[in-house]
Amino acid sequence: MDFDFSVIGRNIVYFMIGQYPHGHLGGIALTLYLAIVSCVLSFIGGLILGLLSVSPFRIVRYVTVVVINAIRGIPLLMVIFWMYFLLPALVGGPMPEAQTVIAALTIFTSAYMAEIVRAGIEGIEKGQTEAAISTGLRPWQAMFYIVLPQGLRNMVPSFVNQFVSLIKDTSLAFIVGVSELTHVATQINNRTMVYPTEIFFFIAIVYFVICYAFTSLSRWLEKRLTWSHR
Amino acid sequence: MIRFSGVHKWFRKLHVLNDVNLHVHQGEVVVVCGPSGSGKSTLIRTINQLEPIDRGSLIVDGMDLSDRKTDINKLRAEIGFVFQQFNLYPHLSVLKNITLAPIKVRNIPKKEAEETATSLLERVGLVEKRDAYPAQLSGGQQQRVAIARSLAMKPKIMLFDEPTSALDPEMIGEVLQVMQDLAKTGMTMVVVTHEMGFASEVAHRIAFIDNGIILEEAKPADFFKNPQHERAQQFLKQVLSPMH
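Sequence order for the protein chains is R and A. Number 85 in the numbering used here belongs to position 85 of the first sequence; there are no gaps in the numbering. Number 117 in the numbering used here belongs to position 117 of the second sequence; there are no gaps in the numbering.
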């Protein structure tokens, strides 16, 4: 069997940015955009949901846990469909597909992040909170100055896991016609017909490189966050 | 300063504090001792409401702990608490461990808080460790920093929950010395400890507790020479000559 990877070279600009600047941004650029925006938003969402799930108020805790478990029990594809049909109806007008996908990825990933945050908070010894409130700090101050900074550092490896999943999950945006990397690849494949192996091998490598770069970055971050010499 | 009247507490079915009556006066050092599981840790932890009481009344510094309107955070700022496991914040330097609460709770300017912290570190003999992190210190040094951290709030009462029990033997002395110096300044102190040497030298009064009941309350000299209760006699025999 012969492989001809020149099909990649011939279409490299389309792989990188899609139809831009003549149409919507697409390709790898859009994949990165979806990943980064969803990543930031779901970090914030996960932090908020995670904090609510350890709230001192039972009702808040209970509702949050129900919401988290409900989202975790639904396939991501279903959330993407829902947002695709539901969001435009909610805002009462058309909405860019990319944004509905970002909403879906954010909601889905936030639920998983929330569990990481909750476990990270609960993993900090109770004595830390007790020491903090014993000096007169209010419980929320103990959380933000003492528990969360320590917990977040322990959460980094799990966050990275989740974000690597998120990067790969952006490929599901293809199902609602968002022209990210996978979608662009199918378009090129449909046009050229005879290079499916080369094209899908290429995008597999691209996903790997993006994920690997992100993992390396976070390794470096993890080392920098070390505060003590044990 | 601290007044327990008919205080009860349960952990599920376990009756950990059973009709506790205890009065600690201002400037007094009271040592609480008793066998493990006797409720002595729970007793001291009720004073700043790390453990809430179930029945009875507990008045600390004029504030009623059974009253829901009492601002517990305000009261805790007036009470220092030293833990068996030190509980220093591992992600903060020694200096920041000490200055955090004064800055955030008392709104003291950072520079002033750092000056106070430095003089407290001098007092516990650790001024050269101000920029170190807790993990770089020995157990005894960590506990002295923990004491400095509590003192930085200028508390009216200091509580010590087995402060030397997690320490290697050669480090116990340095921590007890700091506590003894503190007692000399007239600080009101409640100390849970097995260090009977400290109790006999520093305490004004000793309370012996077993099964959640305070069985005996006496001056150290009387308690050690002439313990009234059989359980206290047994306990003293064990802690004073553990080999037999």
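Think of the hints as simulated: they come from the structure by calculation, not from any bench. Glycine included, C-beta positions come from ideal geometry on N, C-alpha and C. Treat the hints with caution; some may be incorrect.
Across the chosen pairs, the derived CB separations fall in these ranges [as the list claims (entries may be wrong)]:
(1) A:Thr118 / R:Val63: 21 to 29 Å
(2) A:Gln228 / R:Val156: 26 to 34 Å
(3) R:Val63 / A:Lys110: 54 to 62 Å
(4) A:Leu14 / R:Val65: 25 to 33 Å
Facing chain R, according to a computed beta carbon distance under 8 Å, are these residues of chain A, among others [unchecked claim]:
(5) Leu50
(6) Pro52
(7) Arg76
(8) Asn87
(9) Tyr89
(10) Ala101
(11) Val105
(12) Arg149
(13) Phe224
(14) Gln228
(15) His229
Hint-by-hint comparison with the structure:
Checking the proposed 21 to 29 Å range against threonine 118 (chain A) and valine 63 (chain R) shows it is violated: the Cβ atoms sit about 47 Å from each other. At roughly 58 Å, the beta-carbon separation of glutamine 228 (chain A) and valine 156 (chain R) lies outside the given 26 to 34 Å, and the hint is violated. Distance hint check for valine 63 (chain R) and lysine 110 (chain A): the Cβ-Cβ separation is about 40 Å, which falls outside the suggested range of 54 to 62 Å. The hinted window of 25 to 33 Å between leucine 14 (chain A) and valine 65 (chain R) holds, with their beta carbons roughly 29 Å apart.
Look at leucine 50 (chain A): its Cβ gets to within about 6 Å of chain R, closer than 8 Å, so that hint holds up. For proline 52 (chain A), the suggested interface contact is broken, since its CB lies about 13 Å from the closest CB of chain R, more than 8 Å. A least Cβ separation of about 5 Å between arginine 76 (chain A) and chain R falls short of the 8 Å threshold, and the interface hint therefore holds. With 8 Å as the threshold, the beta carbon of asparagine 87 (chain A) comes within range of chain R, its nearest partner Cβ sitting at about 4 Å, so the hint holds.
The beta carbon of tyrosine 89 (chain A) comes within 6 Å of a beta carbon in chain R, closer than 8 Å, and the hint placing it at the interface holds. Because the closest C-beta pair between alanine 101 (chain A) and chain R is about 4 Å apart, less than 8 Å, the hint holds. For the restraint placing valine 105 (chain A) at the interface with chain R, the shortest Cβ-Cβ distance is roughly 4 Å, inside the 8 Å limit, so the hint holds. Annotation: arginine 149 (chain A) was flagged as interfacial toward chain R, and the flag holds, the nearest CB pair being 7 Å apart, inside 8 Å.
Because the beta carbon of phenylalanine 224 (chain A) sits about 31 Å from the nearest beta carbon in chain R, more than 8 Å, this interface hint is broken. For glutamine 228 (chain A), the shortest C-beta to C-beta distance to chain R is roughly 34 Å, which exceeds 8 Å, and the interface hint is violated. The interface hint given for histidine 229 (chain A) is violated, since its Cβ lies 32 Å from the closest Cβ of chain R, which is over the 8 Å cut-off.
In summary, the numbered hints that this structure violates are 1, 2, 3, 6, 13, 14, 15.
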